[in-house]
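Colleague: Going line by line, the protein sequences match chains A and B. Counting from 695, one number per residue, gives the positions in the first sequence under our numbering. Counting from 695, one number per residue, gives the positions in the second sequence under our numbering.
Possibly wrong hints are sitting among the right ones.
Note: identical chains are not told apart, hence a pair may lie in one copy or across any two.
The calculated DSSO-like cross-link candidates involving lysine-lysine, where the alpha carbons are at most 30 Å apart (straight line), are [stated by the list, open to error]:
#1 Lys718 to Lys1082
#2 Lys1090 to Lys1150
#3 Lys718 to Lys938
#4 Lys1099 to Lys981
#5 Lys1081 to Lys1150
#6 Lys938 to Lys1150
#7 Lys1004 to Lys702
#8 Lys1028 to Lys1090
To be clear, the hints were calculated from the coordinates, so they are not data collected in a lab. Note that the structure is a prediction, hence the values are computed from the model and not measured.
Protein chains: 2
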Amino acid sequence: MTDVKHMKWWGWGVEGVGFHHEDKPGFAPFVVDAVGIDVWREPVPPIDFSEVAVPPSQAGAELIDALTLIVGPEYATVDDLERVVHTYGKSIRDLIRLRAAILPRIPDVVVYPADESAVQRIVDLAVATNSVIIPFGGGSNIVGSLEPLPTETRPVISLDMGRLSRVLEIDEYSGLATIQAGVLGPDMEEQLNARGWTMGHFPDSFTYSTLGGWIATRSSGMQSDKYGDIAEITKGIRVVQPGKLLVVRPIPSSATGPSVREAILGSEGRLGVITEAVVQVHRVPEKREVIGYLFRDWDSALAAMHDINKSDAAPSITRVSDARETAFSFSTSKASHGISGQVQKALFAFLKRRGWNLDEVCLSFIGYEGSSANVAHQKSVVGDVLKKHGAINLGKGPGTLYDQKKFDTPYLRDFLLDRGAAADVSETSAPWSKLKPLYDNVFAAANKAYDEIGMKGWIMCHLSHSMHAGACLYFTFAFTHDGVDPIAQYDVVKSAIQQAFIDSGATLSHHHSVGLEHSQWEVADISEAGADLVQGMFTAVDPGENLNPGKILPTR
Amino acid sequence: MTDVKHMKWWGWGVEGVGFHHEDKPGFAPFVVDAVGIDVWREPVPPIDFSEVAVPPSQAGAELIDALTLIVGPEYATVDDLERVVHTYGKSIRDLIRLRAAILPRIPDVVVYPADESAVQRIVDLAVATNSVIIPFGGGSNIVGSLEPLPTETRPVISLDMGRLSRVLEIDEYSGLATIQAGVLGPDMEEQLNARGWTMGHFPDSFTYSTLGGWIATRSSGMQSDKYGDIAEITKGIRVVQPGKLLVVRPIPSSATGPSVREAILGSEGRLGVITEAVVQVHRVPEKREVIGYLFRDWDSALAAMHDINKSDAAPSITRVSDARETAFSFSTSKASHGISGQVQKALFAFLKRRGWNLDEVCLSFIGYEGSSANVAHQKSVVGDVLKKHGAINLGKGPGTLYDQKKFDTPYLRDFLLDRGAAADVSETSAPWSKLKPLYDNVFAAANKAYDEIGMKGWIMCHLSHSMHAGACLYFTFAFTHDGVDPIAQYDVVKSAIQQAFIDSGATLSHHHSVGLEHSQWEVADISEAGADLVQGMFTAVDPGENLNPGKILPTR
């Protein structure tokens, strides 16, 4: 097959890489307590692919031939595994469905265009043959942006952008790089780093997500405090639309009417296929430090993040876990690393002597970048704020560990799923004044949902992405499912959390986008009139609804 | 009449305030040299309003009655002066037409709604009666966003937002203020300052422009380096549309599909009437300093602005004038103030001794804000960069003067127009690497245009609004007109400059918007496909083209 890399069909990452708990003595007791599962029990592994009944391709020979003519025989395929790999993203809903071989509608053909002109020909062919185009980047989406609608009767083409993976040009004086949309995070950073540059965009999904995917879903990375989110990073965009090419030129800022750039951002394929972008890049910083801190409790942690944001400081990362996520972090420490074992015991004893309640302690990471002088200055300004809130500096050790493990969390879902628990994440942003009630409302909603489904459940949270107007709260939740209809149970929990976001003045998603999963809250979030406006964009570009139909806005 | 304040009908500012040169000894020789005009000659003042033949209102009694029913008799008017005041903005094209009583189509009625529900009723009435709505803020627009199309046969309603002028609420913990759209800059800042807050948005037009106008045109203020431009400042928006209200909730950042917020920004009334916004506000800084610097020449000045931007520094203002604008600044110094008279002579002697060519010196202002410690730190970081580029620190004196005079420039146009010269401004932004060729291309284009019209002309420039990807170049140009068809002459010059922007990879406007004046370059800027997308938004919201028709996109 092609040399485009994909994750394993049934889970996160590549075959052979996964989460292990054997070297983490605190993990088993933590999980029993949280969701009631014994991690030592025999895991139920995913079924073998040979057991999956894959629906046959519904694409006619004429369409396949026409696609083959555009991309060449090795880059247009109806192979079963390829089509299943391109059916879903990696939400817990997706993982459950894959393991249960629930495949009501899968792509009929997967194509790998080599360049923009091939993309244009494929899109035009799709419109001419009334087929559906679903662009595919790294396949890491967790809100249902990639799956064909179950009711789709037209041929479905999954357009994999993996061959468009080059950094084409760096305008070094401006700090702007022209990059093809299909490049995966590590590959892109490697190409940039080789010339001394970085984009500074590191979402949790970094390892298996692409530039085009980030733009199409309004992604945000861990260092967004410094580098901005993808909407701020992206200056120019090229988008293949039916019969034409939309070009947003790389302009720092512009007053040219409603923003076309900001219409493409978050468009999830509904306004065309993003082929290339001009993005802001920065010199790899002379120095980079991530420092760990502890707070007495969530209230003082939130207040500190607020005050740092309102100060003159400019850190690259501001992140703090609530007490439950802090306990989770400690539970995943290796016996031989970080603040674990003897060190952890000594630390806890020290905190106790200071009168801290160990069940309320919150772990925080703050990042600093730039010249050595700037790192020192920022640490000092932030330090003054932290002092007022009684934070304890843990030094660079935990930060280094955080940096090493920061892309590993998604593996945990597969591990838990093997053992009968469903876990996923839901994140939002809200003004600073609304964060505390938002947090309380989400916890209440989740716990009510666990009661409703009658299962033991867990929820934890961290704050990340500080902005002037507010911050992102990121919730991770898990529950033991009944083994009968885990998706129905998941829907109860997830819906309760999302509804609590909207009811608390927060958004349906800060950086995971809408897809199918969140589309029922879209009108509540952007108002009926806002939805009409967005629908107007879709209709203008794609009157035949050939471009990833049904995503973002529910069919109305 | 109403208590809503307006500028004089024929020019900038209120009656009795204008530019005077008598106390500025350097000004007369400068102007003779630049555009060949003797400023001591007898000015030709604007005609008296009684001499203006004002077209009668074309609004029927039924429409007037219905509007009166909504706003009350004193707030719906067909008064001639009111209608002329609401016909144009304040571009040189507008001023020339007003002085020549060129009024092919003026509003038929001016209404002053008291609140959002009145705006909704007016908009719905306009659609029901197939009338045209043109929202009016401070009337400072210079790209033709406010004028009715000359061919308009339907009744034209100018909707003056002046009565919606209150700061409704400040969420102090978040730093977000809810403000009515019709508030003028100074009134808004006064209300905010009274509670210790500032929005930090100070465009040149500040004195006579409104929050709603800033949002509708994508305005940018002098301190955008710190506070962001209006697109970054604005988090929530309420927009009255035909039959409905669009609400963008105040969310710090969101992944909810194409941005509705960024569609309303810059929409110039074509997507409805902006009634209210939630904007970022900041505590009035403890300290604020604007320091003047001199550079040897434009190249070193540009390089320094670039290097400051790429450093770890975070100044609030970065601005530098080219040598010609620097000479202009010196020429407008009062004999008794600033770096003028003896001081100026001593300074020039000093520069000469250092081997500087006085014809190439560039004047710069850099602003610092925040705590005293932050101001000191930023000055030091910026100082290190400036040192490398050989800049000379002039201290706070010139900066204080700049701060006092920063809103005065527009008065100069009326002064020159009284004396036979036409002056206006054109601004853009481009990546850092393109600024030098852009600058050269614009100068070449303007000078070629002056040759073409056979008149003596002048052009000068400053850089302001530094961003990671580039900066704004702001050009001011003036020429002696022939007294026969100054608008035709202006069109030759202005078009040459705008075309040079587009040809040089710059945008048609960084912060003055599109209107009618720039719409011929809109497709070249955002691409044909981009224009189709924007037209799709307009059509979805306003199928009858009742909302400020013809603006942004040329009728196609």
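Colleague: Going through the earlier hints one by one, which of them does the structure break, listed in rising order?
Modeller: 1, 2, 3, 5, 6 and 7
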